[in-house]
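**Q** Chains as they are written, first to last, in our numbering: chain A, 1 to 113; chain B, 1 to 113.
Since the hints were derived computationally from the structure, they do not count as laboratory data. Among the clues, some could well be false.
The list treats identical chains as interchangeable, and a pair is accepted whether it falls inside one copy or across any two copies.
Said to hold, decoys possible - Below are the DSS-like pairs computed for lysine-lysine, each with C-alpha atoms no more than 25 Å apart in a straight line:
| # | residue 1 | residue 2 |
| --- | --- | --- |
| 1 | 99 | 86 |
| 2 | 57 | 68 |
| 3 | 68 | 86 |
| 4 | 23 | 68 |
| 5 | 57 | 74 |
Since the structure is predicted, the reported quantities are computational estimates derived from the model, not experimental observations.
There are 2 protein chains.
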Amino acid sequence: MFEKNLEMSFLLDFYGDVLSERKRSVMTMYYNEDLSLSEIADEIGISRQGVRELIKKSEDELTTLEQKLGLAQKSVIARECAERLKALLTDCEIDSPVKSEMLALAEALENNT
Amino acid sequence: MFEKNLEMSFLLDFYGDVLSERKRSVMTMYYNEDLSLSEIADEIGISRQGVRELIKKSEDELTTLEQKLGLAQKSVIARECAERLKALLTDCEIDSPVKSEMLALAEALENNT
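Work the whole structure out from these sequences, hints included.
**A** As structure tokens, this is what we get:
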């Protein structure tokens, strides 16, 4: 099982909707709400080992998906580009209406990723 | 089965790597190389009905993935924003080094989606 980490939390956020409701719920409790295995076990009424296995299977699903598609990594790069573009545009001297449209586009790109 | 269409071809391009090698191969022949069911059946040595079923299952996988994640649709929107941004930047009067960097970022965003 992964250490609780930002990377898995990001993959959960990005691909979590492919998981079954039960798996997504357990992963959310573990990674986003920072519950322990025992607390999750009590919450959903299965053994601690059962929780551990659900988390492991979910992590494998999310990791495999990213290994195959690489879309989460692309999204990180796109966000960095959009943020840098927005910063450059903000500091730039351009005719106002065009600048507004460009800034809106850069923001849309930032939020879309 | 879907009509051969651009939408499925796009989903295949976007999520195709999640399919098994066999399914991806059949889908590529059908959607990208425009082979008929009979031609694919001859090519891989299964029945025409077998090919039809593989295509149907693959389409369901790709469609379900997009229904859950919506990343292909987001990618289309991001590309449109990046193209528009690039066009505005190209026509804009800005200091040259900054303009070059912004254009490079817009292009990176266009190609990353």
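**Q** Evaluate residue 57 and residue 74 at a C-alpha cut-off of 25 Å and name the case that applies: within, between, both or neither.
**A** So residue 57 and residue 74 pass the 25 Å test inside one copy only (24 Å; across, 27 Å).
**Q** Is the C-alpha distance from residue 68 to residue 86 at most 25 Å within one copy, between copies, in both cases, or in neither?
**A** neither (31 Å within a copy, 30 Å between copies)
**Q** Go through the copies and call it for residue 57 and residue 68: within, between, both or neither, with a Cα cutoff of 25 Å.
**A** both (17 Å within a copy, 19 Å between copies)
**Q** Checking an output row: residue 23 and residue 68, CA cutoff 25 Å. Within, between, both or neither?
**A** both (20 Å within a copy, 15 Å between copies)
**Q** For the identical chains here, do residue 99 and residue 86 meet the 25 Å Cα criterion within one copy, between copies, both, or neither?
**A** both (10 Å within a copy, 13 Å between copies)
The structure shown violates just one earlier hint, number 3.
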